[in-house]
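Q: Below are the chains, spelled out letter by letter.
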Amino acid sequence: MRKTTKVVAIGLGLTMILTGCAPASPDGSGSTEAVSLTWMTRPDNQAEADVYASISDDITAKGIGLDLTYVAGSSEGSPYQDKLKTDIAAGTAPDVFWLPGTDIADFAKAGLIMNIREEAAKTEHSDADFYAGPMESLTVDPDTGATSPDFLWGVPRDVSTFALYMNLDLIQAAGVDDPRELAAAGNWDWDAFEATSKAITDLGDGNKGFGAGGWWANWGYFVHSAGGGFFNEDRTACALDSDESVAGLEYLKGLYDNGYGVPFGEDAEPGFKAGQVGMFINGRWATPGAREITDFAWDVVELPTGASEGRNWQFWGAYVVNAKTENPAAAWKLIQELTSADVQGQISELGANIPSRVSADATEKFLTFSPPANNQAFLNGIANNPVAEGPLWNGNWPAFDKAAGDGVTALFTGDRTLEDFQANICTETAGAFN
Amino acid sequence: MKNLEIFLERIRKNDWLSRTIDKVAVSYVWIWQAFLSLAFLAAGISILGLQQDLGWIALPAFAGIVVLIFFQAASVLLLRKGNYRGRSIAIIGNVIAIALFSFMAFQISNMISLFDIMSQSFFNSFLGLLVLLSGVAWWVVAVRVIRRLDPEDLSITNKADRSFQIKVIYFFKRVGQVLTLVGSIFFLVQFNPFWMIGIAFSSLFFPNPLAFLCVGLAFFASIQLRALLSPSVSLKLKATQSEEERLTGWLFVSPSIIGFLAFLAGPLVYSFVMSFFKWDGINTPTFIGLKNYSDTLGLEFAASRESLSTGYFQIAELFGMSIGAIDPLFWKAITNIMIFLLTAVPLSVVIALILATLIEQRLPGSKVFRAVFFIPSVAGVIGVTLIWKQMLNSSVGFINYAVGEMFAIFNFFLPGDPLPTRVEIAWLSSEQFALAAVVIVFVWSQFGFNTVLYIAGLQSVSKELYEAAELDGATSFQRFWNVTIPALRPTTFFITATTVILALQLFDIVFALNSPNVVGFPNNATLTPVVYLYQLGFQQNSFGKASAVAWILFAIIFVFTLLQFNRQRQQAEGN
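Those protein sequence lines, which keep their order, are chains A and B.
Mapping the first sequence onto the working numbering, position 255 (from 1) lands on 290, and the numbers just tick up by one.
Mapping the second sequence onto the working numbering, position 229 (from 1) lands on 284, and the numbers just tick up by one.
Source of the hints: derived by calculation from the structure; they are not laboratory data.
Hints may contain errors.
In silico negatives: residues of chain B with every beta carbon more than 10 Å from chain A [stated by the list, open to error]:
1. Gly119
2. Arg140
3. Gln175
4. Val200
5. Ser257
6. Ser285
7. Glu300
8. Ile337
9. Lys444
10. Asn448
11. Leu483
12. Ser515
13. Phe576
14. Phe593
15. Trp606
16. Ala610
Which residues of chain B face chain A? A partial, calculated answer using Cβ under 10 Å [as the list claims (entries may be wrong)]:
17. Asn338
18. Thr341
19. Ala481
20. Pro577
21. Gln590
22. Gln623
23. Gln625
24. Gln626
Pairwise CB distance ranges, derived in the manner of DEER restraints [unchecked claim]:
25. B:Leu93 with A:Ala181: 53 to 61 Å
26. A:Gly146 with B:Asn165: 20 to 28 Å
27. B:Phe327 with A:Ala125: 51 to 59 Å
28. B:Phe356 with A:Asp176: 46 to 54 Å
29. B:Glu299 with A:Ala125: 36 to 44 Å
30. B:Phe178 with A:Ala125: 17 to 25 Å
31. A:Pro135 with B:Ala627: 37 to 45 Å
32. B:Gln626 with A:Asn80: 51 to 59 Å
33. A:Thr127 with B:Phe424: 20 to 28 Å
34. B:Leu114 with A:Glu384: 31 to 39 Å
35. B:Leu114 with A:Ala125: 38 to 46 Å
36. A:Pro135 with B:Leu441: 19 to 27 Å
Think of the CB as a built atom: it goes at the ideal place given N, C-alpha and C, for glycine as much as any other residue.
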């Protein structure tokens with residue numbers, strides 16, 4: 036008994052000594068000067084989550100006064116924004132977090148994120164270093180809904196755009212011209228897209244010419260490309276009832292009605308990966324999944340040109356600062372680190388994102404991240420008159436999304452006519468505006 | 056065990072501190088209660104001071120504090136008079152004080168951040184924990200082996216005289232002990248509890264020493280509570296046996312009551328209150344009375360669509376009348392869930408009954424099937440729904456492929472025009488099939504559990520009934536219809552009631568099947584009340600209206616369950 040007591044005593048003593056020698060904190064950061072910050076972003080996959088965690092550790096290890104804790108903000112069945120809103124309501128939201136572009140206005144108007152212009156002004160930050168579309172939405176005065184140099188709600192983490200992922204084997208079997216060559220010659224327009232879709236569908240055996248998702252950006256591209264838009268000029272009212280908007284939807288509806296596409300709203304990715312869908316509209320985030328394809332040759336091409344040239348989407352999300360953070364200066368420093376060219380390069384290398392910085396270095400580096408071979412298609416999409424995914428400063432984006440989405444779905448499923456859609460859609464979405 | 060008893064007895068005899076506390080408490084318990092009243096008063100004033108931050112909640116919180124102060128003051132007077140009721144009130148007051156001041160200390164010191172550190176530390180020290188647990192397992196196994204050995208072998212005290220076998224077993228025991236010790240040290244070093252205790256302690260003082268004051272108040276309230284429960288206080292207040300028993304009973308159920316109030320009744324009441332407010336979940340709510348309910352339920356009957364009042368949208372036409380609703384989506388959700396209920400529930404029940412009856416025939420392999428059927432019940436809903444989503448894909452899904460293959464077989468046997476062998480049913484994107492797809496996934500995930508319940512029910516049916524029916528010349532079907540089904544009535548009632556409640560609360564399957572399209576896709580064909588309230592709350596930030604929808608849904612579930620209970624009772628009385 037006495038022997039056991041001795042062993043236990045020695046063990047505990049040893050433990051206390053070793054504990055005293057252990058690092059001051061479990062993550063190995065013990066600097067008393069470092070400011071502890073928590074940050075959260077939404078990774079697209081586990082590989083991205085790992086890189087974000089490693090970036091967080093690297094920034095802490097740089098010894099620049101930041102002691103970071105990274106939270107991977109997405110989980111199965113629990114969408115990122117839901118968790119974030121719950122955290123904010125509970126007062127436990129991170130100091131810095133990522134927000135999708137469409138949500139910036141709602142958070143800023145509710146006073147949940149900080150205007151960081153003052154902090155940015157103390158450093159060498161320049162809005163011009165980033166793509167103009169996102170920066171325009173990030174520099175809005177919430178009271179007027181107009182851009183103002185006094186406001187900066189965040190800095191874009193990355194950008195993305197749509198491209199057409201193509202099954203080159205199916206296109207070749209259909210006997211049509213390679214869309215990449217058509218695009219290079221300036222002939223990749225809606226007519227060519229329809230002809231290619233038809234030719235692939237005509238191959239039979241369940242093959243479909245194209246596939247697209249059912250969410251707003253998919254049909255929204257055709258609205259914009261026809262010269263229409265979701266909103267009026269100052270984004271204070273719906274513009275889905277304009278002749279141009281309806282023309283875009285009519286064209287897409289025609290493609291669906293002719294059976295050239297995977298049914299509206301069905302997930303086209305499994306069909307594309309199975310080699311049965313010729314062209315698949317999706318963003319850069321679909322690239323890691325496409326890289327798994329080994330059964331056929333694939334590449335990407337720009338979206339076809341409609342009546343209004345370009346008009347691809349410029350998707351983006353931004354790092355913002357929690358309005359309740361106790362360390363705005365440190366939070367700003369963290370944002371600068373997270374949006375540096377080096378960090379953006381590390382993330383872009385995984386294939387799902389495009390750097391949000393406008394720089395030749397970032398662009399050149401992005402072009403090397405293949406497959407796909409034609410990475411330039413994404414850059415062309417961003418460069419050629421894109422529509423930046425934007426928050427609704429004068430309304431409620433989720434309410435607009437729901438009302439417009441329901442209206443468009445009814446149109447594509449044949450439950451309403453184009454005339455009915457044009458006559459009523461803006462009444463149905465009116466509740467989404469202030 | 057004997058040593059422990061001696062030890063405890065020694066403590067009891069020498070527990071001068073407890074006896075002193077009891078003695079002081081008996082005489083001066085009212086002083087603490089008076090002090091506690093003042094502490095509550097200070098808390099109330101602080102809440103009023105924070106009215107701008109707390110918003111509307113400050114007023115009811117202050118009202119609650121005032122009630123507490125009143126009761127505390129009453130307990131002081133009653134205790135001074137030696138009235139037993141004063142003790143009961145004082146006990147409740149101290150329990151509330153412990154909870155309140157602990158919560159305040161937790162909040163002020165931001166102790167929640169310590170949980171993050173703890174979880175990170177635990178993650179870092181997992182290897183040490185693994186070594187520790189392995190060591191303990193090793194040690195326990197060695198001890199159990201030793202216990203089974205011959206006592207004569209164990210009685211040999213001289214190690215040199217022990218057999219090789221005994222030496223090996225003792226060696227293994229020693230290895231287990233060493234592993235446990237090394238694992239413990241490794242785990243403690245990595246987990247670093249002393250450092251965490253240090254942080255927890257310092258966070259009570261910095262940045263706000265008020266946290267320490269709250270801990271102190273909670274601590275003294277605990278001591279006072281312990282004293283109030285002591286026999287000395289009972290004697291002093293001349294408590295009767297029944298009063299003591301009542302108090303003991305309440306104390307036993309109090310953890311459950313506190314848990315119920317904090318985690319069930321509290322949120323329920325909160326959501327009910329919020330259903331009368333316009334609230335975005337973050338900013339100060341605005342009281343709007345019954346508007347959320349009237350906006351949700353509002354209906355109007357008119358001669359035509361055009362004659363509906365402004366703000367009403369036509370949802371149906373009945374006997375030439377136009378029915379308009381302020382919130383057509385809510386009524387769409389209700390219509391969908393009723394259709395779902397009428398299809399999914401009978402299918403879940405009938406399939407389960409048939410399968411249970413087949414399994415109870417005890418055919419070869421029936422046990423395997425019983426286990427297989429139960430798997431969907433334990434599988435993660437989101438995971439299996441995503442698999443179903445792939446299977447239901449119109450172009451490359453297995454379901455359409457299977458239908459096509461089935462048609463090919465039909466074509467082989469049946470005359471006439473051949474059926475298409477390439478089937479592209481848009482299960483997830485057409486209004487005609489989207490709800491059917493949800494029904495399929497729901498029934499698949501439910502029938503296994505129901506089958507197991509039916510098997511249990513079948514096993515309790517008296518064999519004599521079957522024998523009597525057989526003697527009367529009943530056929531298999533007649534025995535099933537006239538014996539099995541009536542005997543299973545209580546099981547059927549339970550299964551139906553639980554499945555109806557689950558069906559009315561349908562959310563996860565729809566959510567996973569719809570993603571990333573808008574909820575209710577396509578065209579609200581799969582919109583259910585819970586999906587709708589999720590959309591209202593988390594996507595449109597209308598938490599007040601979402602709460603109102605939740606309470607309307609509760610009323611519907613309540614009515615359904617009540618009707619089922621009544622029917623069950625009538626049937627039972629009829630028998």
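Q: Hint by hint, say whether it matches the structure.
A: Now for the hints, and whether the structure bears them out:
{"no.": "1", "hint": "Gly119", "in the structure": "21 Å, holds"}
{"no.": "2", "hint": "Arg140", "in the structure": "39 Å, holds"}
{"no.": "3", "hint": "Gln175", "in the structure": "5 Å, violated"}
{"no.": "4", "hint": "Val200", "in the structure": "20 Å, holds"}
{"no.": "5", "hint": "Ser257", "in the structure": "12 Å, holds"}
{"no.": "6", "hint": "Ser285", "in the structure": "35 Å, holds"}
{"no.": "7", "hint": "Glu300", "in the structure": "42 Å, holds"}
{"no.": "8", "hint": "Ile337", "in the structure": "5 Å, violated"}
{"no.": "9", "hint": "Lys444", "in the structure": "7 Å, violated"}
{"no.": "10", "hint": "Asn448", "in the structure": "5 Å, violated"}
{"no.": "11", "hint": "Leu483", "in the structure": "6 Å, violated"}
{"no.": "12", "hint": "Ser515", "in the structure": "37 Å, holds"}
{"no.": "13", "hint": "Phe576", "in the structure": "6 Å, violated"}
{"no.": "14", "hint": "Phe593", "in the structure": "5 Å, violated"}
{"no.": "15", "hint": "Trp606", "in the structure": "20 Å, holds"}
{"no.": "16", "hint": "Ala610", "in the structure": "25 Å, holds"}
{"no.": "17", "hint": "Asn338", "in the structure": "6 Å, holds"}
{"no.": "18", "hint": "Thr341", "in the structure": "14 Å, violated"}
{"no.": "19", "hint": "Ala481", "in the structure": "4 Å, holds"}
{"no.": "20", "hint": "Pro577", "in the structure": "5 Å, holds"}
{"no.": "21", "hint": "Gln590", "in the structure": "7 Å, holds"}
{"no.": "22", "hint": "Gln623", "in the structure": "35 Å, violated"}
{"no.": "23", "hint": "Gln625", "in the structure": "41 Å, violated"}
{"no.": "24", "hint": "Gln626", "in the structure": "39 Å, violated"}
{"no.": "25", "hint": "B:Leu93 with A:Ala181: 53 to 61 Å", "in the structure": "54 Å, holds"}
{"no.": "26", "hint": "A:Gly146 with B:Asn165: 20 to 28 Å", "in the structure": "21 Å, holds"}
{"no.": "27", "hint": "B:Phe327 with A:Ala125: 51 to 59 Å", "in the structure": "20 Å, violated"}
{"no.": "28", "hint": "B:Phe356 with A:Asp176: 46 to 54 Å", "in the structure": "47 Å, holds"}
{"no.": "29", "hint": "B:Glu299 with A:Ala125: 36 to 44 Å", "in the structure": "42 Å, holds"}
{"no.": "30", "hint": "B:Phe178 with A:Ala125: 17 to 25 Å", "in the structure": "22 Å, holds"}
{"no.": "31", "hint": "A:Pro135 with B:Ala627: 37 to 45 Å", "in the structure": "56 Å, violated"}
{"no.": "32", "hint": "B:Gln626 with A:Asn80: 51 to 59 Å", "in the structure": "55 Å, holds"}
{"no.": "33", "hint": "A:Thr127 with B:Phe424: 20 to 28 Å", "in the structure": "47 Å, violated"}
{"no.": "34", "hint": "B:Leu114 with A:Glu384: 31 to 39 Å", "in the structure": "56 Å, violated"}
{"no.": "35", "hint": "B:Leu114 with A:Ala125: 38 to 46 Å", "in the structure": "22 Å, violated"}
{"no.": "36", "hint": "A:Pro135 with B:Leu441: 19 to 27 Å", "in the structure": "22 Å, holds"}
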